[in-house]
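Enquirer: Given next are the chains, with one letter for each unit.
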Amino acid sequence: SQTIHQWPATLVQPVGSPLSLECTVEGTSNPNLYWYRQAAGRGLQLLFYSVGIGQISSEVPQNLSASRPQDRQFILSSKKLLLSDSGFYLCAWNQGWGGGYTFGSGTRLTVV
Amino acid sequence: QKEVEQNSGPLSVPEGAIASLNCTYSDRVSQSFFWYRQYSGKSPELIMSIYSNGDKEDGRFTAQLNKASQYVSLLIRDSQPSDSATYLCAVYQTGNQFYFGTGTSLTVIP
Chain A
1 SQTIHQWPAT LVQPVGSPLS LECTVEGTSN PNLYWYRQAA GRGLQLLFYS VGIGQISSEV
61 PQNLSASRPQ DRQFILSSKK LLLSDSGFYL CAWNQGWGGG YTFGSGTRLT VV
Chain B
1 QKEVEQNSGP LSVPEGAIAS LNCTYSDRVS QSFFWYRQYS GKSPELIMSI YSNGDKEDGR
61 FTAQLNKASQ YVSLLIRDSQ PSDSATYLCA VYQTGNQFYF GTGTSLTVIP
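Line by line, the protein sequences are chains A and B. Position 70 of the first sequence, counting from 1, maps to 70 under the numbering used here, and the rest follow consecutively. Position 96 of the second sequence, counting from 1, maps to 96 under the numbering used here, and the rest follow consecutively.
The hints are simulated quantities; they were obtained by calculation from the structure and are not laboratory data. Any given hint could turn out to be false.
Covered, in the sense of this in silico footprint (three residues per stretch, anywhere, with C-beta under 8 Å from a C-beta of chain A), are these stretches of chain B [stated by the list, open to error]:
| # | stretch |
| --- | --- |
| 1 | 23-31 |
| 2 | 99-106 |
To give a feel for the contact side, a few chain A residues facing chain B, derived at Cβ under 8 Å [what the hints assert, rightly or not]:
| # | residue |
| --- | --- |
| 3 | Leu44 |
| 4 | Tyr101 |
| 5 | Gly106 |
Glycine included, each C-beta is placed from N, C-alpha and C at the ideal position.
Looking at chain A on its own, in the form it has when it is part of the complex (with noise of 0.2 Å):
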């Protein structure tokens, strides 16, 4: 079975600080990866998506980068945190277009 693995689970970090969220999928192959960040009492906001091995595709404008060095591998970075990057990163993964996402167990950035 497929499972996805996210850390950490809580993270404070003081503006200006670098960042770095790792995610990886196991029990599957050229998954479909995603980066998403959902602010407090707010919706989800695609931040970025992979379809392959260096394959990142950025929906917004931001302070943040996102990687996927392995196939089954996606990592979200910042150089210098904003207090605005506060959020619940989120991790998904699917096979194929139109399939439902699997998310990770999240990340709660703290900036402060």
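Given the coordinates of chain A, work out where chain B should sit on it, guided by the hints.
Expert: For chain B alone, coordinates are given in the frame of chain A:
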């Protein structure tokens, strides 16, 4: 106009009642439809998917799709306190366009 719209609620129903959650979408070419349940502080969990007009039942959950009216709903029969959560409607369109509603908060009162 938002791609996917849901009433934010909160929706309160007594235990044992039917909870009805509604979602409308704007693009007629939408192909796949999903309902997610999100407990407070947790990530969304896929509970139902529906691809064609009509009803799809899974246990106490029934998803209903009406493409002509651009409407999808989720019925929860015999609601339990453990069903209290936010329910997200999601719509997939060709070209990797996947849209989420902002969710409806459901509270089941014991």
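Enquirer: For each hint, tell me whether it holds in the structure or not.
Expert: Hint check results:
1. 23-31: violated (count 1)
2. 99-106: With 4 residues close enough to chain A, the hint holds.
3. Leu44: 4 Å, holds
4. Tyr101: 7 Å, holds
5. Gly106: 4 Å, holds
Consistency note: the structure conflicts with earlier hint 1 alone.
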